[in-house]
Amino acid sequence: MVLTDTFTPRNFRGQSHLAARDARLRAILDHATRYFMTKRGVALEAFADREDHFGRARVARLAALSRLPELLERLERNATAAGTRVHWARDAAQAREIVAGIARDCGAKVVVKGKSMVSEEIALNPALEATGAEVWETDLGEFIVQLAQEPPSHIIAPCIHMSRADVAALFREKLGLADLADAASIPELTLLARRALREKFLAADLGVTGVNMAVAETGSVVLVENEGNIRMSTTCPPVHVAIMSLEKVAATLEDAADLLRVLPRSATGQRMSSYVSVLTGPRRTEEPNVELDGPRETHLVILDNGRAEVLADPVLREALLCFRCGACLNSCPVYQTVGGHAYGSVYSGPIGTLLSSLLLPTEDTRDLPFGCTLCGACKKTCPLGIDHPKLMLRLRERVCAGSPGLAGVAHAFLALHPLAYRLAVGAARAVDPGLNLLPRLPGLPVGLASFVDSRQPPRLKTPFSAQLRRSRKKGGA
Amino acid sequence: MIPCLVEDCLPEIGLAVVSVLERLGVGVKHPKGQTCCGQMAFKTGDAARARALALRSLDLFAGPDAVVCPSGSCAKMLRAYPQLFEPGTPDHARALDLAGRVREFCEFTLALPGAPDFGARLQARAALHRSCQLDGSEAPARLLSAIDGLTLLEPERPERCCGFGGLFSLQFPAVSESLVEDKARELLALKPELLVSAEPSCLMNIGGYLTRQGRPVRALHAAQLLDLALTGGATWS
Chain A
1 MVLTDTFTPR NFRGQSHLAA RDARLRAILD HATRYFMTKR GVALEAFADR EDHFGRARVA
61 RLAALSRLPE LLERLERNAT AAGTRVHWAR DAAQAREIVA GIARDCGAKV VVKGKSMVSE
121 EIALNPALEA TGAEVWETDL GEFIVQLAQE PPSHIIAPCI HMSRADVAAL FREKLGLADL
181 ADAASIPELT LLARRALREK FLAADLGVTG VNMAVAETGS VVLVENEGNI RMSTTCPPVH
241 VAIMSLEKVA ATLEDAADLL RVLPRSATGQ RMSSYVSVLT GPRRTEEPNV ELDGPRETHL
301 VILDNGRAEV LADPVLREAL LCFRCGACLN SCPVYQTVGG HAYGSVYSGP IGTLLSSLLL
361 PTEDTRDLPF GCTLCGACKK TCPLGIDHPK LMLRLRERVC AGSPGLAGVA HAFLALHPLA
421 YRLAVGAARA VDPGLNLLPR LPGLPVGLAS FVDSRQPPRL KTPFSAQLRR SRKKGGA
Chain B
478 MIPCLVEDCL PEIGLAVVSV LERLGVGVKH PKGQTCCGQM AFKTGDAARA RALALRSLDL
538 FAGPDAVVCP SGSCAKMLRA YPQLFEPGTP DHARALDLAG RVREFCEFTL ALPGAPDFGA
598 RLQARAALHR SCQLDGSEAP ARLLSAIDGL TLLEPERPER CCGFGGLFSL QFPAVSESLV
658 EDKARELLAL KPELLVSAEP SCLMNIGGYL TRQGRPVRAL HAAQLLDLAL TGGATWS
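Keeping their order, the protein sequence lines are chains A and B. Residue numbers for the first sequence follow the working numbering, so the first one is 1 and each next one is one higher. Residue numbers for the second sequence follow the working numbering, so the first one is 478 and each next one is one higher.
These are calculated hints, taken from the structure and not from any lab test. Mixed in with the good hints, there may be bad ones.
[As the list claims (entries may be wrong)] With the C-beta cut set under 7 Å, the calculated list includes, among others, these residues of chain B facing chain A: (1) C609; (2) T628; (3) R637; (4) C638; (5) G642; (6) M681; (7) G685; (8) T688.
[Said to hold, decoys possible] In the DMTMM-like style, the derived pairs of lysine to aspartate or glutamate whose C-alpha atoms are separated by at most 20 Å in a straight line are: (9) A:K380 / B:E633; (10) A:K379 / B:D542; (11) B:K509 / B:D542; (12) A:K474 / B:E489; (13) A:K39 / B:E633.
[To be verified] Distance ranges between label pairs, derived from CB positions: (14) A:R469 / B:P541: 18 to 28 Å; (15) A:A48 / B:Q690: 24 to 34 Å; (16) A:L65 / B:A570: 25 to 35 Å; (17) A:A23 / B:A570: 46 to 56 Å; (18) B:P567 / A:P361: 34 to 44 Å.
All values reported here derive from a predicted model rather than from experimental measurement. Glycine is no exception: its CB is placed at the ideal position from the N, C-alpha and C atoms.
Starting from the given sequences, assemble the full structure and let the hints guide the process.
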């Protein structure tokens, strides 16, 4: 599938149509999502008392949301006490300004980034590049999509839409490796990326990362990863900026531990990620705790970007429980079929549909909550117990306020008037029992033609109630 | 409670429900004037119309009887009625009462005396589509497994959605078609003689697709299969 010029959720229906017709993409997604689901299944199978742990993680998240302002203030106080400069960003523009300002202030020529969805959300890279810095994604998957000049297509697996051969071809072209074979192994490809990135880490003036959780009681930032690139991005450059969306706060290290017990298992099927960094302030320089490594300056940017408003909605706020394990994407039949790019926004799949609908302008996201069969696979998968289908329905209601579809109105009108309903169905039965004319009826969605094309529609028959009445009369006589 | 799809397009499912239940000693009433449970309005975000249709159902199904429905999704809709009304109002109380009396057909039948061994017999290979709309219910599998001679098979991803999703199939036809294609492939791999489910809309979707593909496999509701087996169907062919 080729991305349309404008990467926007307005194109969701068209993009998902193209993606579903792309057999190659479907095969890649099928393979990758099954791989994730299988690994996850094995890890959860071996996770004793998992429902208890899921419950504890959910409670930690609920507790954080229920006293968010207080926790964020504590976080600010304790992070500041540890030497971190805390910045509040109302929206994406302000967050970009803050981070670009830090880059300018430290004269950054090279910026290395850890994988961060929130930095995608605020479209940070162009703003950093505008300061004259070169910006490098250092997560392998992010590095790959950066070279391909594409947005990530999955919360935790940015290049899930690409095959190994695709990556080899990309490296051949962008890294000047003419001899690289399509059949290059993943370790080989990883080594090549590692070589390219190592010099960037060493030259970097600024490291930018997201935040998996920020601990209010200690002012720490917790980061989870497998490649060591976040460890490098937060320790090699003299300045580190962590960006968090405001719901990512956890009250205590205890709560953070409850989340860490669940997050890697649900995300990648690991008991624990290869690296977990708990970062509290910059390098200490005063006796007796002099530290020899770490940045000399640390910043924490706390981003709202529409979340405070979401928090005020008693139903929809549940979406803010999410800690981005990505499991709902892998379990979703629609995501498995169309991948992340089709959604046209940074967050894709079930949770992405919810977040995008809540954070972006309604007129851009009208179609998103309808791209869901309400099968509930996401809800079943979510370790935090988010009820995605329920929220999806709430969003549909919001989108449709005042303007439900014509077909729906006609159907509901008839259903409310039993006599009219019987007459309408009766008339249809007389004229068109095979429902062959159905696709041509005005007011019905164009998709009906396509539906009838691939599926024999049911025939209108003598209604059940009439048949039952007849047989009962016979029986009684 | 007979879904509108069953009333006009798949009446044989309704007749089988009546036949099975009466054979098992249940008195069946069919209140007149049933149209739609409001699912379509509810799922397309039209809460006002869903509420109006729910009120009709609340009137139609007032009274102490169990309300049996041969569709997981319609049963689920009836159980969702309380969401449509303000807690503390009389309509909310009526909705709660109805929600408590709603039974999906397989669930209801499994709770009858003597269940699940009703002496049903049928020699056949049937592929079971669980349907996501039944929320992982084991009732269809338990009910049908008790049929003597029936080989009940489940596909690779038993609970995966068949791609119908009501209006979804019309708004996202290509995605819907991809999903039903996956489902059909996994079901056909079982080499079944027939396809069985407790969800009429899935049956219509998968059955319709198989017909268009020139691979018609009879798609039966669990009630139809049980009805056949109870009337001494012996061998499917």
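What hints, given by number in increasing order, does this structure fail? 2, 10, 15
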